[in-house]
Amino acid sequence: MSRKVALFATCLGDQLWPEVVQATVAVLERAGCSVSFDPAQTCCGQPAFNSGFQSDARTVARHFVQVFENAEAIVAPSGSCVAMVHRYPELFRDEPAWRARSEVVAHKTFELSAFLVRELRVTDVGARMAARVAWHDACHGLRELGVHDEPRALLRAVQGLELVDLRTGEACCGFGGTFSVKFPELSTAMLDHKLSALDPQRVDVLSAVDSSCLMQIRGRLQRQGSRVRAMHLAEILASR
Amino acid sequence: MHLQPASVILRSVDQPGPETFAENARAALRDTTLTGALRRATDTFAERRAGAIGQVPEWEALRTQAAAIKAHTLARLDHYLEQFATNAERAGVVVHWATDAAEACAIVRRLAADRGARRLVKSKSMATEEIHLNAALAKDGAEPVETDLGEWIIQLAGETPSHIIVPAIHKTKEAIGELFVDKLGIPPSSEPAVLAEHARQRLRAHFADADMGISGVNFGIAATGTILILENEGNARMTTTLPRVHVAVMGIEKVIPRFADLDVFLKLLPRSGTGQHITTYQSLLTGPDPRGQGPSEMHIVLLDNGRSRIAADEVMRQTLACIRCGACLNACPVYQSIGGHAYGSVYPGPIGAILTPQLSGMHSAGTLPFASSLCGACKDVCPVKIDIPSLLLELRQRAVEGTPGHPATRGGFVDRMVWRLWAFCMRGPRRFRVAMALARLGEKLPLLGRLAGPMRAWASTRELPKLAQRSFRSTWRGGTS
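Protein chains in written order, with my numbering: chain E, 1 to 240; chain X, 241 to 721.
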């Protein structure tokens, strides 16, 4: 099924990991979508929202709604940013007009793996990668969007890839936005617990669908000199 | 093996400071005995819980039902409380109403003093922890002996509970053995059965002598004036039946409408808390026994202490639905890492992070709502479906933006300006591009990047990511945008 997709690159993806966004485009196109990117987009507003500054978050959310409200489907390579968009109606609970507009937008905003599997009914995107991969269930995707089986189904369909079970797969990576810099030791302790179940002899790649979690995980793995790489799902799915 | 009790070095929210939680967390993380004991215990409870609820196919329906009963009751709290009090009095209970902690303590002190009661025993109760009842009674030389094993250990050690149902969760059996050698003069042992036997002997003597028993309440049934107390050691049964006076301290949110509602809560609470199908003891008490068995007097102290204010707040009201099972503590990656003392409040963990600021005020406990990564594990396990992450976000918003009549308590002028500027830059693509161009320049100035507080905090344990040389938007379709 061909679908018109408006890509939300996410601010982190756009500015720090453009290769992840490029991979997202490649995967969507391979799945038969025609992808557009509106350069008017910025951020979903989550950093301010999670810090309590809801009026600043509303400012940014209004911009998001204006940019995307005419799209057919909005897809982002992040469960956390999509979950934020799904919270817009609640954020605008006292502004009925914006509430209604944001409900429309929230309804058609999808996380990448959920969009591929649930909407397009695609699990094999023709990817190939010889690696042993463990999966990190990012909290917001897992608990707010119910994304669990979708990325696993996609990974299992990748030729040459072995999906390795991770006991702490559903444990939080400790990022939590400003939490990670307000309480750096605690944030890192949470991550180290997660990584304690990761066997570098059995796993080559720890993957997730959220660049923010991956920033935290990668930063720690690099600091520790680990041989395990942190890699976004889109990059794996775009490999050939 | 030694154990430096974390509580000794930790500061409480009674001594406020924006850095209190962060300092406490750092101290807790350095204590490897503590972190090891916590990890083992919380993992065990989480596994048992998962096993127990796996056998209840209607689990989700029960949660929904429990949440509905609580929401219904909390919206009509005054009605059900009056009904509860009337029916309890009809059964022979003396009901006392306490507006705050001081009033509740004064009531219990007077009850003890008027009866010349000096030897008091107490079963586990978070409400009495909340009002610091033991300290108040100690002023009259009548500090109660805690009879729950965990609470008794904590009392011997001069600490406070670090978990709402497992007060000594932070202690290893070795540390408890050393404590008993020190305080009770027993021969060295770290064998749980041996230690429990010593405790049993000591506590039996206290029960036999006691002239007043103090308990908490798990549920108060409006239709009958009955209270229910759940426990596993038999100590609450003895506390409420052996002494001639029984005083129960009950938070006003503990009331439920009907006896039949227990059917739902009794399936949820033990499974969520300890992974048990049912607790070993369930004591249903409806006034003193007219046949003269058990206590001749029964008192119930209905404790408000800020609860009616929370009940009046439609957004935050669901905080009061909590049945104190402790599942959110066991599931929380923050709690699992640092334990309860770091929160510096009677109620720790996710529920403490929403309840404490509402009970004690945002000034002293306003940091707690920020002490979470918002992972949502607490919401998943809550048997009454309290949306803790959303309430944390609501409290964060109130802390930094304030509410009518209550100015902001967190996030100073600089914070506000930073977010205002951030929102300004994110409101349009040109501003965004300019801001990111400036950030790329800033990143090239090595000192600036290293000195900026958040970046330094990040880099203390993790490599800092770098901005891409070319953003996605600058490369899209050949960089036409």
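Don't read these hints as lab results, they were simulated from the structure. Idealized CB from N, CA, C, for every residue including glycine. Any given hint could turn out to be false.
[To be verified] Okay, the calculated beta carbon distance ranges per label pair: (1) Gln222(E) - Gly291(X): 34 to 42 Å; (2) Val421(X) - Arg167(E): 14 to 22 Å; (3) Asp192(E) - Ala692(X): 21 to 29 Å; (4) Ala197(E) - Ala375(X): 22 to 30 Å; (5) Arg316(X) - Gly126(E): 56 to 64 Å; (6) Arg223(E) - Asp449(X): 37 to 45 Å.
Going down the list of hints, with the structure as the test:
no., hint, verdict
1, Gln222(E) - Gly291(X): 34 to 42 Å, "38 Å, holds"
2, Val421(X) - Arg167(E): 14 to 22 Å, "37 Å, violated"
3, Asp192(E) - Ala692(X): 21 to 29 Å, "24 Å, holds"
4, Ala197(E) - Ala375(X): 22 to 30 Å, "43 Å, violated"
5, Arg316(X) - Gly126(E): 56 to 64 Å, "60 Å, holds"
6, Arg223(E) - Asp449(X): 37 to 45 Å, "59 Å, violated"
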